[in-house]
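Asker: The chain contents come next:
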Amino acid sequence: MAAKKTAPKKSAPSTPSASSASKRSDRDALTLGKIEKLARQALAQATKGGNPALDIRTRTLSNVSFNEKKRIIELGDRTQSREFFNVAMARKFMQTMLVASGCKTLIGEDKTVSIRQMFYMTKHTLPGSSENTFDDQSESDPIIEDLEVGIDALREELHLFANRRGLVVGKLVVNDAGDEIDLARMGRGGWGIPSICEPGHLAFVRNAAEFILLVEKQAVWHRLNEDRFWEKHNCILLTSEGQAARGARRLLQRMATELKLPIYVLVDNDPWGLYIYSVLKQGSINLAYESMRMAVPNVRFLGMSAFDYKKFAMPPAAEIKLTKEDITRAEQMKAYPWFKDAKWQREIQATIDNGFKMEVDALLTKRISFITDEYIPKKLRDRDYLQ
Amino acid sequence: MPKSKKDAPSLEQPEQPEPEPAQPKRRATAESMATRQREISVSEFFTKNRHLLGFDNPAKALLTTIKEAVDNSLDACEEAGILPDILVEIHETGAAAKAGDGTTGAGAGGTSGAPAGSSRFRVVVEDNGPGIVKAQIPKIFAKLLYGSKFHRLKQSRGQQGIGISAAGLYGQLTTGKPVVITSKTAKGRPAFRIHLRIDTKRNQPDVFSEETVDWAKDHGTRVEIELVAAYRGGRTGVQEYLEQTVVANPHMALAYVSPKGERLEFPRVTSDLPREAQEIKPHPHGVELGMLHTMLSDSGGESVKDALVESFSRVSPAVAAQICKMARVSPKTAADRIQGEDLERLHKALGEVKVMAPPATAVVPIGEELLIAGLKRRYSNAEFYASTTRPPSVYRGNPFVVEVGLAFGGDLPLDEAADIMRFANRVPLQYQPKACAISESVYQTNWRGYDLQQPKGGLPVAPMAVAVHLASVWVPFTSEAKEAVAHYDELLREMKLAVQECGRKLAAHVRARAHAQREEKRRSLFERYIPEVAAAISAILDLPKDKIEKPFFAALPNFVRFADEPGTPPDGAPPAAAAPNDAPTPPPPPAAARGGKGGKGKASPRGEQLELI
Numbered sequence: 044m045a046a047k048k049t050a051p052k053k054s055a056p057s058t059p060s061a062s063s064a065s066k067r068s069d070r071d072a073l074t075l076g077k078i079e080k081l082a083r084q085a086l087a088q089a090t091k092g093g094n095p096a097l098d099i100r101t102r103t104l105s106n107v108s109f110n111e112k113k114r115i116i117e118l119g120d121r122t123q124s125r126e127f128f129n130v131a132m133a134r135k136f137m138q139t140m141l142v143a144s145g146c147k148t149l150i151g152e153d154k155t156v157s158i159r160q161m162f163y164m165t166k167h168t169l170p171g172s173s174e175n176t177f178d179d180q181s182e183s184d185p186i187i188e189d190l191e192v193g194i195d196a197l198r199e200e201l202h203l204f205a206n207r208r209g210l211v212v213g214k215l216v217v218n219d220a221g222d223e224i225d226l227a228r229m230g231r232g233g234w235g236i237p238s239i240c241e242p243g244h245l246a247f248v249r250n251a252a253e254f255i256l257l258v259e260k261q262a263v264w265h266r267l268n269e270d271r272f273w274e275k276h277n278c279i280l281l282t283s284e285g286q287a288a289r290g291a292r293r294l295l296q297r298m299a300t301e302l303k304l305p306i307y308v309l310v311d312n313d314p315w316g317l318y319i320y321s322v323l324k325q326g327s328i329n330l331a332y333e334s335m336r337m338a339v340p341n342v343r344f345l346g347m348s349a350f351d352y353k354k355f356a357m358p359p360a361a362e363i364k365l366t367k368e369d370i371t372r373a374e375q376m377k378a379y380p381w382f383k384d385a386k387w388q389r390e391i392q393a394t395i396d397n398g399f400k401m402e403v404d405a406l407l408t409k410r411i412s413f414i415t416d417e418y419i420p421k422k423l424r425d426r427d428y429l430q
Numbered sequence: 004m005p006k007s008k009k010d011a012p013s014l015e016q017p018e019q020p021e022p023e024p025a026q027p028k029r030r031a032t033a034e035s036m037a038t039r040q041r042e043i044s045v046s047e048f049f050t051k052n053r054h055l056l057g058f059d060n061p062a063k064a065l066l067t068t069i070k071e072a073v074d075n076s077l078d079a080c081e082e083a084g085i086l087p088d089i090l091v092e093i094h095e096t097g098a099a100a101k102a103g104d105g106t107t108g109a110g111a112g113g114t115s116g117a118p119a120g121s122s123r124f125r126v127v128v129e130d131n132g133p134g135i136v137k138a139q140i141p142k143i144f145a146k147l148l149y150g151s152k153f154h155r156l157k158q159s160r161g162q163q164g165i166g167i168s169a170a171g172l173y174g175q176l177t178t179g180k181p182v183v184i185t186s187k188t189a190k191g192r193p194a195f196r197i198h199l200r201i202d203t204k205r206n207q208p209d210v211f212s213e214e215t216v217d218w219a220k221d222h223g224t225r226v227e228i229e230l231v232a233a234y235r236g237g238r239t240g241v242q243e244y245l246e247q248t249v250v251a252n253p254h255m256a257l258a259y260v261s262p263k264g265e266r267l268e269f270p271r272v273t274s275d276l277p278r279e280a281q282e283i284k285p286h287p288h289g290v291e292l293g294m295l296h297t298m299l300s301d302s303g304g305e306s307v308k309d310a311l312v313e314s315f316s317r318v319s320p321a322v323a324a325q326i327c328k329m330a331r332v333s334p335k336t337a338a339d340r341i342q343g344e345d346l347e348r349l350h351k352a353l354g355e356v357k358v359m360a361p362p363a364t365a366v367v368p369i370g371e372e373l374l375i376a377g378l379k380r381r382y383s384n385a386e387f388y389a390s391t392t393r394p395p396s397v398y399r400g401n402p403f404v405v406e407v408g409l410a411f412g413g414d415l416p417l418d419e420a421a422d423i424m425r426f427a428n429r430v431p432l433q434y435q436p437k438a439c440a441i442s443e444s445v446y447q448t449n450w451r452g453y454d455l456q457q458p459k460g461g462l463p464v465a466p467m468a469v470a471v472h473l474a475s476v477w478v479p480f481t482s483e484a485k486e487a488v489a490h491y492d493e494l495l496r497e498m499k500l501a502v503q504e505c506g507r508k509l510a511a512h513v514r515a516r517a518h519a520q521r522e523e524k525r526r527s528l529f530e531r532y533i534p535e536v537a538a539a540i541s542a543i544l545d546l547p548k549d550k551i552e553k554p555f556f557a558a559l560p561n562f563v564r565f566a567d568e569p570g571t572p573p574d575g576a577p578p579a580a581a582a583p584n585d586a587p588t589p590p591p592p593p594a595a596a597r598g599g600k601g602g603k604g605k606a607s608p609r610g611e612q613l614e615l616i
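Going line by line, the protein sequences match chains L and B.
Just so you know, we're using our numbering here: the first sequence kicks off at 44 and counts up by one.
Just so you know, we're using our numbering here: the second sequence kicks off at 4 and counts up by one.
Hints may be right or wrong, so weigh each one.
[Unchecked claim] List time: in silico SDA-like cross-link candidates among lysine to any residue, alpha-carbon distance up to 25 Å:
1. L:Lys77 / B:Ala538
2. L:Lys91 / B:Glu522
3. B:Lys550 / L:Asp369
4. B:Lys548 / L:Asp98
5. L:Lys80 / B:Glu522
6. B:Lys548 / L:Asp369
7. L:Lys353 / L:Lys409
8. L:Lys386 / L:Asp369
In short, the hints are calculated from the structure, not lab data.
Computed from a prediction, not measured in an experiment: that's the story for all the values here.
Start from the sequences and build out the full structure, keeping to the hints where you can.
Answerer: So this is what it looks like as structure tokens:
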């Protein structure tokens with residue numbers, strides 16, 4: 044593989060410590076400016092006797108489109124005006140302002156909190172009533188996303204993070220907030236992927252891997268780690284632990300662009316597994332505004348394919364009958380523009396025709412380490428993947 | 004007494020085959036039976052039929068007594084053209100005494116002891132009416148079935164002439180005390196006070212004593228009856244009756260002293276007396292066979308044709324000739340000789356002949372404005388009042404008018420079923436609501452269409468009182484007790500139309516009110532959020548909070564509108580424009596359309612004639 048052994052950016056500039064601090068404060072100043080602009084606009088509109096409003100791009104299926112050229116899902120230009128003097132929107136307007144004010148405080152104090160902590164920072168009871176500014180986190184999370192698109196600032200720039208999810212081991216050394224970490228020496232637990240994987244916070248120090256393998260399930264990752272798969276095959280082994288969180292997606296994208304390594308994804312053979320792959324590849328509807336930072340269009344779908352059942356002579360014990368829901372979801376996937384290609388249509392249709400789905404774990408019906416020493420190596424050798 | 008034949012088989016010989024039908028043994032002869040046949044005394048009749056007259060129990064007896072006296076006073080005042088001032092007093096005079104222990108012997112054999120819970124009361128009803136000439140007083144108050152109202156077709160409160168004397172009799176039977184009447188007919192004339200009893204054997208008044216007294220009043224009548232009764236509150240109580248009477252009679256001033264000594268005063272709210280109802284002759288469409296026979300028999304040798312013209316309203320000589328032709332009766336036949344099949348054919352022809360509706364001048368409604376004035380007397384703190392008086396209509400040859408008034412909101416109870424007041428010729432009906440066509444019209448109305456709650460098949464649940472008044476020369480009651488109006492289709496239809504019309508007026512108000520409430524809610528929402536938004540903006544911009552709150556509060560009126568302002572709020576959905584479910588009900592067809600014929604022009608305002616039916 045082309046980029047072997049070492050990362051393209053090496054030594055001094057790649058360590059995210061003192062040197063990058065000034066870069067960070069520049070970004071903070073920019074973000075602060077955006078927040079202030081939002082507040083100043085609202086005040087100006089009210090002063091004129093008008094209706095203070097925020098323009099927020101709508102994050103719905105109808106306002107996203109698939110960019111054929113870049114092969115990512117992009118957010119459209121349709122916006123919704125969030126007005127204060129409107130019964131249906133007043134509460135959300137207030138909440139957006141509260142979150143904006145909270146973010147300003149975080150930036151001012153140079154602290155980072157989780158989105159759950161932001162919920163508590165901004166939650167209180169309105170004086171003279173029993174109404175809360177926020178009732179639960181499911182109310183504040185979309186407001187944070189609204190603010191991100193509303194002022195065009197990333198979550199990290201707002202000093203917010205989501206719960207971290209995802210693990211890595213493999214032949215890579217990284218620098219995380221000044222600590223150098225050798226991902227080949229992480230034992231059984233692996234290295235937890237931080238929520239913020241931006242250049243200011245995380246840098247790649249040395250790379251000896253030739254490719255990256257991402258598996259959907261932690262249990263599968265554990266199987267491969269115990270079998271030292273990454274050592275034998277010189278790779279980086281990741282798990283997204285289900286649907287990939289922003290941290291994992293951002294890390295994957297930076298690995299793809301900075302380390303220039305091919306990425307293989309191994310998910311269950313069902314519509315939900317395929318959608319995990321799909322999000323990694325071209326982005327999600329809800330976070331379409333982040334696609335260019337997160338999507339990895341050339342990520343490869345290693346498996347499990349509906350055709351693996353025959354190829355690997357899987358026993359009937361590996362089958363799980365498709366539910367009505369599974370079939371409906373599969374039909375929806377077939378209609379997505381990014382799966383219009385014949386090979387994808389064939390793959391999805393094959394699952395429907397099989398009438399069953401398969402979990403990666405089902406490979407254990409053959410042997411415990413069948414996946415490590417036969418299934419994956421054979422798929423890689425045969426270049427048996429979709430892209 | 005010998006055992007009757009029909010009892011025998013089942014008791015004595017259940018299994019025995021029936022013997023050859025033998026002639027039953029004669030038990031009595033015509034002569035022996037004649038010894039037992041005698042005139043029934045009124046007290047016996049009364050005792051057996053008192054449920055028909057409204058004296059079934061002590062509580063109802065008190066109500067009926069007051070009701071009959073007040074109704075008489077009001078009728079008398081109106082007939083004389085006097086604005087009524089009425090005083091009602093109830094004094095508790097002691098525990099109930101057993102009947103028959105009084106000084107009278109006439110009451111012996113009357114009602115036995117009074118039921119538990121009852122007591123002895125003295126009821127006083129005094130008016131400023133025209134008074135009664137001395138000679139008539141005994142007959143009016145101490146002879147059953149005596150009066151001026153039974154023999155004519157005229158809208159009035161009392162209809163049978165049995166009421167007030169029955170109350171006197173009841174008092175006499177339960178306490179032995181005579182009825183005391185004081186009356187004066189004009190200024191300068193003497194006032195008489197007469198103690199009266201009913202001779203129950205002969206149904207004749209018995210003047211116990213009479214005297215001339217000084218009475219400060221120019222004219223009027225005072226009735227005092229002592230009776231065993233029970234004083235109750237609630238829907239069927241005396242106070243409810245008086246308060247309802249106050250609603251339907253805005254021209255009446257009423258003072259009431261309860262047994263507890265509390266005094267209630269309702270000053271009159273209008274000095275317009277109700278227009279005098281015109282007396283009318285029977286209409287051919289409403290006459291019954293027996294009545295027709297009596298009318299013809301009493302015609303004194305006239306021809307049928309002349310008798311018809313004379314006795315009926317709206318029957319011209321031409322119409323009379325047509326009736327005779329339809330009945331195949333010679334118009335020249337002597338009226339008192341018409342009998343049998345001829346009579347039946349004539350009756351049928353009368354019911355079918357095309358003839359003008361009776362004159363609507365015979366019916367006097369309260370009127371929309373005065374009905375509201377009446378409601379305000381009882382429900383002075385309601386938030387909204389509405390009323391509807393329908394054009395006159397006809398059932399079975401009787402003209403009638405339905406009107407509906409309602410009071411809504413204010414201090415009326417919020418989550419209870421609406422209060423329904425039923426009136427027949429301004430008299431409250433307090434018993435048997437379930438059997439009454441008036442209640443039915445309220446039940447059958449879809450109040451949900453007027454944005455009120457209504458359990459299925461129930462009364463609307465709302466802070467509301469509804470008054471429905473039926474004015475007619477002849478109110479069809481379901482029974483002699485005059486407690487509920489019978490379900491005639493024509494009546495029910497008019498009642499429903501009136502309730503719906505009034506309901507639509509209410510709906511407009513309810514919607515405007517809901518809109519105002521929504522606006523108020525919006526305003527308070529914005530007012531609650533402005534300090535939060537201001538605090539956030541002030542933290543972001545490092546500005547004092549009040550500098551930000553001020554412009555927001557200043558902008559607020561641009562976005563909150565109130566019900567009386569035109570237009571809808573900028574973001575709010577326009578107030579529901581949904582028409583009430585019964586809105587498609589076509590405008591009421593004129594009364595004449597009922598038979599599917601005639602019906603030119605629309606129902607005319609009251610006072611004019613109705614069109615052909």
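Asker: The structure should be examined with respect to each hint, and the outcome stated for every one.
Answerer: Consistency of the hints with the structure:
1. A hinted pair counts as satisfied when its Cα atoms are at most 25 Å apart, and L:Lys77 with B:Ala538 qualifies at roughly 18 Å.
2. The straight-line distance between the Cα atoms of L:Lys91 and B:Glu522 is roughly 22 Å, inside the 25 Å bound, and the hint therefore holds.
3. Only pairs whose Cα atoms come within 25 Å are accepted, and B:Lys550 paired with L:Asp369 is rejected, the gap being roughly 57 Å.
4. Taking the CA atoms of B:Lys548 and L:Asp98, the gap is about 24 Å. The hint holds against a cut of 25 Å.
5. This hinted pair does not check out: L:Lys80 and B:Glu522 have alpha carbons roughly 32 Å apart, beyond 25 Å.
6. At roughly 54 Å between alpha-carbon atoms, B:Lys548 and L:Asp369 are farther apart than 25 Å, so this suggested pair is violated.
7. In summary, the hint linking L:Lys353 to L:Lys409 is supported, as the alpha carbons are separated by about 13 Å, within the 25 Å threshold.
8. Taken as a hint, the L:Lys386 and L:Asp369 pair is honoured in the structure, with Cα atoms around 20 Å apart against an allowance of 25 Å.
Hint compliance for this structure: hints 3, 5 and 6 are not met, and every other hint is.
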